[in-house]
Amino acid sequence: MGRFLLPLGGFALLVVLLGIGLTLNPREVPSPLIDKPAPDFTLQQLHDSEQTIGTTDMRGQVWLLNVWASWCVACRQEHPYLVELAKRDVLPMVGLNYKDKRNDALGWLRNFENPYDVSASDLDGRVGIDWGVYGVPETFVVDKRGTIRMKHIGPLTPKVIEQELLPLVEQLQGEAA
Amino acid sequence: MMHRALQALLVAFSALLLAFPAQAAIESYDFETAEQEADYNQLIAELRCLVCQNQNLADSNAGLAQDLRREVHEMVTSGQSADQVVDFMVARYGDFVLYRPPVRNRTLLLWGGPFGLLAIGLLVMVVFLRRRSRDSAPNIDEQQRAQVRELLKDAPDSAEPPKK
Numbered sequence: 001m002g003r004f005l006l007p008l009g010g011f012a013l014l015v016v017l018l019g020i021g022l023t024l025n026p027r028e029v030p031s032p033l034i035d036k037p038a039p040d041f042t043l044q045q046l047h048d049s050e051q052t053i054g055t056t057d058m059r060g061q062v063w064l065l066n067v068w069a070s071w072c073v074a075c076r077q078e079h080p081y082l083v084e085l086a087k088r089d090v091l092p093m094v095g096l097n098y099k100d101k102r103n104d105a106l107g108w109l110r111n112f113e114n115p116y117d118v119s120a121s122d123l124d125g126r127v128g129i130d131w132g133v134y135g136v137p138e139t140f141v142v143d144k145r146g147t148i149r150m151k152h153i154g155p156l157t158p159k160v161i162e163q164e165l166l167p168l169v170e171q172l173q174g175e176a177a
Numbered sequence: 178m179m180h181r182a183l184q185a186l187l188v189a190f191s192a193l194l195l196a197f198p199a200q201a202a203i204e205s206y207d208f209e210t211a212e213q214e215a216d217y218n219q220l221i222a223e224l225r226c227l228v229c230q231n232q233n234l235a236d237s238n239a240g241l242a243q244d245l246r247r248e249v250h251e252m253v254t255s256g257q258s259a260d261q262v263v264d265f266m267v268a269r270y271g272d273f274v275l276y277r278p279p280v281r282n283r284t285l286l287l288w289g290g291p292f293g294l295l296a297i298g299l300l301v302m303v304v305f306l307r308r309r310s311r312d313s314a315p316n317i318d319e320q321q322r323a324q325v326r327e328l329l330k331d332a333p334d335s336a337e338p339p340k341k
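From first to last, the protein sequence lines stand for chains A and B.
Per this note's numbering, the very first residue in the first sequence carries number 1; after that it's consecutive.
Per this note's numbering, the very first residue in the second sequence carries number 178; after that it's consecutive.
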């Protein structure tokens, strides 16, 4: 009897480890950018290419950067929640239109409503690389000092917005600039 | 009938020869020096494509992988070292982007784990072998030994192996 205990124990341990592995999401790579300064950018605005939008324009306020594209299927999934969030008017929302065609992007916003205060055109995806974007949609929350405080990979859900994003935004808005 | 079927099969297989092997890295980049090219090839082989996760940048056709290859090429040809390119990637995507993660406290288990398992395996083997050799040794007391000697006394020279 005793001679079976060791292999059995080893097997049980393996099952537990593999079980834990199954509950993890391999797509969620921890970002090294959390608590680091948001990478600077200045880009043309999607709606008016004469004007620019950049990180310096957002200094001193808590803001949200949502990376989206008209070709991105999951963006459509999170879109209604972004629209709803925009209506609550809790923080400025900047869209980073990632590797998209201007006309496609504008058409997409016309069709599905525009939740962004302003969208930046990242046509060649370089700003996306600086921000470590690898799976659109991604959402960042930047604090008043220009530090990235939250990153969410994949579509936002009501649960993430209510339980993570909004409490964090409230806390950050209470912090000194 | 059989003949025709074989013929058809042969034609079908020859058609496979027309298929072109799939190639991921389609861009052709120019380099000023051979070292730069070697750096580039080494880097795209060791950096992970984050979209596909189980492919490196060289193998992946994802849009992000193409962009990152372009980025690596620009950095390498502008005279940056391989370490600088790796730092650039790690600053944005974390250690996960490396197929060869650095040895740190967090990665100790990853690097040391196989050696730990090897040590455990050796330990188990040693214990097992010792126990077996101990068990197979005759377990008799002094009196029994004397009996054995007595019995063997008249036996033919035991130094010689028994003849068949």
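Rather than coming from a laboratory, the hints here were simulated on the basis of the structure.
Glycine included, each C-beta is placed from N, C-alpha and C at the ideal position.
Check each hint, because a few of them may be wrong.
[Claimed, not checked] Just the calculated beta-carbon pair ranges, DEER-fashion:
hint : chain 1 : residue 1 : chain 2 : residue 2 : range
1    : B       : Asn-231   : A       : Thr-42    : 32 to 38 Å
2    : A       : Asp-124   : B       : Tyr-276   : 42 to 48 Å
3    : B       : Pro-279   : A       : Glu-84    : 41 to 47 Å
4    : A       : Leu-5     : B       : Gln-219   : 47 to 53 Å
5    : B       : Ala-192   : A       : Asp-40    : 51 to 57 Å
Structure-based check of each hint:
In this structure the hint that B:Asn-231 and A:Thr-42 lie 32 to 38 Å apart at CB holds, the actual value being about 36 Å. Between A:Asp-124 and B:Tyr-276 the CB atoms are about 26 Å apart, so this pair departs from the stated range of 42 to 48 Å. Against the hinted window of 41 to 47 Å, the Cβ-Cβ separation of B:Pro-279 and A:Glu-84 comes to about 43 Å, which satisfies the hint. A:Leu-5 and B:Gln-219 have their C-beta atoms about 48 Å apart, which keeps the hinted 47 to 53 Å range intact.
A C-beta distance of roughly 55 Å is found between B:Ala-192 and A:Asp-40, which places it inside the suggested range of 51 to 57 Å.
Consistency with the previously given hints fails for number 2 only.
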